[in-house]
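Asks: From just these sequences and the hints, can you work out the full model?
2 protein chains.
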Amino acid sequence: MPLKEKEISVTTLRRLPVYLHYLNTIKTTRKNISSATIAAAFGLNDVQVRKDLGAVSGSGRPKTGYDVEQLIGQIEYCLGYGSETKTILVGAGNLGKALLSYRGFSDYGLNIIAAFDSSEAVVGTLINEKPVLPLGDIEVVCLNKNIKLGIITTPVEFAQETCDRLISCGIKAIWNFAPTILKAPEHVLIENENLASSLAILSKHLREGYSEENV
Amino acid sequence: MPLKEKEISVTTLRRLPVYLHYLNTIKTTRKNISSATIAAAFGLNDVQVRKDLGAVSGSGRPKTGYDVEQLIGQIEYCLGYGSETKTILVGAGNLGKALLSYRGFSDYGLNIIAAFDSSEAVVGTLINEKPVLPLGDIEVVCLNKNIKLGIITTPVEFAQETCDRLISCGIKAIWNFAPTILKAPEHVLIENENLASSLAILSKHLREGYSEENV
Numbered sequence: 001m002p003l004k005e006k007e008i009s010v011t012t013l014r015r016l017p018v019y020l021h022y023l024n025t026i027k028t029t030r031k032n033i034s035s036a037t038i039a040a041a042f043g044l045n046d047v048q049v050r051k052d053l054g055a056v057s058g059s060g061r062p063k064t065g066y067d068v069e070q071l072i073g074q075i076e077y078c079l080g081y082g083s084e085t086k087t088i089l090v091g092a093g094n095l096g097k098a099l100l101s102y103r104g105f106s107d108y109g110l111n112i113i114a115a116f117d118s119s120e121a122v123v124g125t126l127i128n129e130k131p132v133l134p135l136g137d138i139e140v141v142c143l144n145k146n147i148k149l150g151i152i153t154t155p156v157e158f159a160q161e162t163c164d165r166l167i168s169c170g171i172k173a174i175w176n177f178a179p180t181i182l183k184a185p186e187h188v189l190i191e192n193e194n195l196a197s198s199l200a201i202l203s204k205h206l207r208e209g210y211s212e213e214n215v
Numbered sequence: 216m217p218l219k220e221k222e223i224s225v226t227t228l229r230r231l232p233v234y235l236h237y238l239n240t241i242k243t244t245r246k247n248i249s250s251a252t253i254a255a256a257f258g259l260n261d262v263q264v265r266k267d268l269g270a271v272s273g274s275g276r277p278k279t280g281y282d283v284e285q286l287i288g289q290i291e292y293c294l295g296y297g298s299e300t301k302t303i304l305v306g307a308g309n310l311g312k313a314l315l316s317y318r319g320f321s322d323y324g325l326n327i328i329a330a331f332d333s334s335e336a337v338v339g340t341l342i343n344e345k346p347v348l349p350l351g352d353i354e355v356v357c358l359n360k361n362i363k364l365g366i367i368t369t370p371v372e373f374a375q376e377t378c379d380r381l382i383s384c385g386i387k388a389i390w391n392f393a394p395t396i397l398k399a400p401e402h403v404l405i406e407n408e409n410l411a412s413s414l415a416i417l418s419k420h421l422r423e424g425y426s427e428e429n430v
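Chain order of the listed sequences is A and B.
Anchor point for the first sequence: position 13 equals 13 in our numbering, and the numbering is continuous, going up by one each time.
Anchor point for the second sequence: position 157 equals 372 in our numbering, and the numbering is continuous, going up by one each time.
Simulated from the structure, these hints should not be mistaken for laboratory data.
Keep in mind that a hint or two might mislead.
Stated by the list, open to error - Computed list of lysine to aspartate or glutamate pairs in EDC-like fashion (alpha-carbon distance at most 20 Å, straight line):
1. B/Lys242 <-> B/Glu299
2. B/Lys398 <-> A/Asp46
3. A/Lys183 <-> B/Glu284
Unchecked claim - Interface residues of chain B toward chain A, partial, derived using beta-carbon atoms under 8 Å:
4. Arg229
5. Pro232
6. Gly258
7. Val262
8. Ala388
9. Thr395
10. Leu404
11. Leu414
12. Ile416
13. Leu417
Heads up, the beta-carbon is just placed ideally off N, CA and C, and yes, glycines get one too.
Replies: Pasting the structure below:
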């Protein structure tokens, strides 16, 4: 891997999928695009966009800007979209079922190969063609399939033990949807998707944030 | 509203639901708790936890710490859990259906009263007892029910027009699940839940982040 890939910041990484989608929507109509045009499309600062794109590509050519197809290829390579990431999901409740049923993940190279749950009502069933297996099978599936990414959608009281268990099976990154803070060794990345926290921000804004508008 | 409520930072606000859940799990066994105990439970810094709790409560009493029941009440009040926030959702595809079916939202006072979609296949149906209505009904429902919060789960190419439409109906906060950056006036809060961005972070870590561990 070229050294510069390591230098991409988390905030840049969060914006790249957004740029990528935009570039894919315009690629049939445009051959080149400037960072200023992309910046304007998203209401972002041009300098920021140039910095983001500079991390995956060279700088755009004066006047013509970036070659759209080439830039798409470079972002996709950076995001690893060509490769497939196999993952498992623990906790096939409402949210887990929702993620299992979501067909958008394959666009990003994510393939949930199995789900795990303790409930007899759901173990043995298929959700969107993915098998729901008993918790006891976690170790054998992770090790045999060399799984490195796990999704946690368990009730919050089981989230930490699930996290520990996945790490002991060689998992290196966890996408956590349980509303808690998970403890993990430094080499394991925990990405939190805390819906309750998002709701707290929104709800606070509604009760106070725009009050200057109201009488 | 007391002035101090306005001073709560976004990062504190994101942690409050996490503390709240923890306090609810221990309230039957403990009357008091110190910030240090809470900090240890989540691997956080004690000073940080004390600052967070100080924003919604006074400081804990020396030796005994915080009264658990009282602290629960104060956090719930701050997060507005006693009140109900009515919301609508636009885009009843896989992800939209998933959110409509998720029963955890009511814990946070969120009530999705209706969904909207353009597809004849889904309009007229009920998802988790919530009606799916045609897009043309957005205005009348928002205005009649005085809706201030909207959830966007449309395909990305319709996200901005949906956002504009909701704002014109008086919506003040938007929970956006479409992988794009929405433009909105300053008084409208956009909270992004970008699954593609989260996946980019996780995938990058898997390909590079823990390489020092491997041979």
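Asks: With reference to the structure, classify each hint as holding or not holding.
Replies: Here's how the hints hold up against the structure:
1. B/Lys242 <-> B/Glu299: Answer violated: B/Lys242 to B/Glu299 is near 24 Å, above 20 Å.
2. B/Lys398 <-> A/Asp46: With a Cα-Cα distance of about 16 Å, the restraint between B/Lys398 and A/Asp46 holds, given a limit of 20 Å.
3. A/Lys183 <-> B/Glu284: violated, 26 Å
4. Arg229: Holds, about 4 Å.
5. Pro232: holds, 4 Å
6. Gly258: Hint holds; B/Gly258 Cβ to chain A Cβ min 5 Å, cut 8 Å.
7. Val262: violated, 16 Å
8. Ala388: With a minimum Cβ separation of about 5 Å from chain A (threshold 8 Å), the hint on B/Ala388 holds.
9. Thr395: holds, 6 Å
10. Leu404: holds, 4 Å
11. Leu414: Given a least distance of 5 Å, the restraint on B/Leu414 holds.
12. Ile416: Given a least distance of 6 Å, the restraint on B/Ile416 holds.
13. Leu417: holds, 5 Å
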